[in-house]
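Colleague: Listed in order, the protein sequences are those of chains F and P. Be aware that the first sequence starts at 2, since it is given in the working numbering, and climbs by one per residue. Be aware that the second sequence starts at 1199, since it is given in the working numbering, and climbs by one per residue.
Hints listed in this document are in silico derivations from the structure and should not be mistaken for laboratory results. Quick caveat: nothing in here was measured; it's all calculated off a predicted structure. One or more of the hints may lead you astray.
To be verified - Among chain P residues calculated to face chain F with C-beta under 7 Å, some are: (1) E1278; (2) F1293; (3) E1387; (4) A1393; (5) M1394; (6) R1396; (7) L1399; (8) L1408; (9) P1409.
Stated by the list, open to error - Examples of chain P residues lying across from chain F (beta carbon under 8 Å, computed): (10) V1384; (11) L1388; (12) E1390; (13) L1395; (14) L1397; (15) W1407; (16) W1427.
Think of the CB as a built atom: it goes at the ideal place given N, C-alpha and C, for glycine as much as any other residue.
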Amino acid sequence: MDRASRGLPLLISRLDKDYAGKAGPRPVLRGIDLEVEAGAFITLIGPSGCGKSTILRLVAGLDRDYSGSIRVGEAPIRGPDLSRGMLFQEHRLFPWLTVRQNVALGAFHCGLAPAAVDALVRELLERVGLAHAADLFPSQLSGGMAQRASIARTLAGQPRLLLLDEPFSALDAFNRLALQLELERLWQRTGITMILVSHDIEEAAYLSDRIVVLEADPGRIRTVVENPLPRPRDRVSPAFNAIKARLFEALHVDTGAPFAVPTDPAPEEAIP
Amino acid sequence: MSMEVSSGGLAPPGAAEAPRAVPSRAGTLSHPANWRRAASHVASVVAPVALPLLLLGLVASAWEAMAVALHSPLVPHLPEIGKELARIFRGGHFFGEMAVTLLRVGAGFTIAFAVAVAAGIAMGRQKTVAHFLEPAIIVGLTVPGLVWALLCVIWFGIGLTGAAVAVALSIAPALLLNILQGVRAVDAELLEVAAMLRLPLRKRLACLWLPSLMPALLGGARLGLSLAWKVVVLVELFGLSSGIGYQLNSEFGAQNVAGVIAWTLGFAAVMGVLEYGVLAQLEHHLMRWRRTAQV
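With these hints in hand, go ahead and build the complete structure from the sequences.
Modeller: See the structure below:
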């Protein structure tokens, strides 16, 4: 499959979602409209309780109690599907299976022959740099290795839309930076549509083409920040900081800056 | 870009990130720290054998002291018990009876285990099933094994069926309770992963349910076996003409205290072998993925 046709588009319209509470239903999401074109990389960002993880769970098909419409590709959501892969904050590997067995489980539903699964698993472990750890149990891995194994397991299902629920937030700073870079390369190589939920403004600015800022009670879209910076992106350039400043502003976070922050990205020539 | 990463997509900068391993124990034997380590190594090998033997020795000595002090036929001396042990083991007599009893326990245990696993998963997953079956567990737990033994002898007469059903009825509620607790403790996050990966039922059972339930199953197996032995002896005592319970009863009838003790010791030894030799080994193998705390 070539890069352009690999990703699936996502179309959410008039999405409402309630959670059952003791004092009647509690609104979680209200009037979410979101269009993500095939192969795009978008980030959902917002305070806790804004329902950003809930959106991912609904798109994943883990929760089918909502009103409005969610369409991935041509089809509406009918439960989980391997075309929509999901990565969680925790690695969620099966602790009693080795890394190799865990990754093989990701390809189980594809109906491949055992030899083809073996080859696929070997290739994926090679790609995430875990070939040497294939026969270890998850308890023997470091946090970064476990999350890499989890990525390999999700990729084994050949997803065309990847839902990332703060997958790097529990990692140390170096592993987080490294995995962000690897994720960007994966996205550029495969063209899988990526939807990331994050608390990390820099992560959002570094990875995504578009950042959807949500607010809480009930969760709704406050604003959308376009991020047209060319890749590879320079995390310390003025233009990058301008995007971050717009995100801080949209999230109503006081950065402590002595001057009013610019509301538009700095012009390209500002980059030395 | 402040970072330098090898090309080729998802290649880790942390290839140097080695799996956690025990640090190598380099150094010479003359160092006191190594002496201490060697001593604790010897202790860790010897202690699991020596300490239980020490307990057995202490109990045997206390018993012999009591026999000497009381000087009563109700408390036989160790040599008398030894003689009885030699008698029942001669010519494979003990093992024949033991095999008969174990067959009855095994049959009842298998039935109870299968029912408890199926009912436990159903109860843990479906509230309606749980509400429906809960009274059965409570009643089952309160009915004494003696009652099941009597009723099964009456209903099924003498034979394997009655013994197996009595054992199954007596241990199933406790097993079920154990397994139910295990089902409720199954990681909801892993259930979500299984759903995301579209694993079929067969794979879910093999890769998620059975491993998750393994501690509850092993604990249940221990509990079930200990309960089963108590019930099967009652059944054999009331209605059967073979097995450990029957032999215990006939020694009792002959007022042979040493004989009763000898049969009990023999049975306890077999259960010990089952526990340490089979169940503990099985647990060690099945739980090898678990990280043991270092503190």
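Colleague: Each of the hints needs a verdict: does it hold here or not?
Modeller: How the hints compare with the structure:
no. : hint  : in the structure
1   : E1278 : violated (51 Å)
2   : F1293 : violated (37 Å)
3   : E1387 : holds (5 Å)
4   : A1393 : holds (5 Å)
5   : M1394 : holds (5 Å)
6   : R1396 : holds (4 Å)
7   : L1399 : violated (12 Å)
8   : L1408 : violated (9 Å)
9   : P1409 : holds (4 Å)
10  : V1384 : violated (12 Å)
11  : L1388 : holds (6 Å)
12  : E1390 : holds (6 Å)
13  : L1395 : holds (6 Å)
14  : L1397 : holds (6 Å)
15  : W1407 : violated (11 Å)
16  : W1427 : violated (31 Å)
Checked against the numbered hints listed earlier, the structure breaks hints 1, 2, 7, 8, 10, 15 and 16; every other hint is satisfied.
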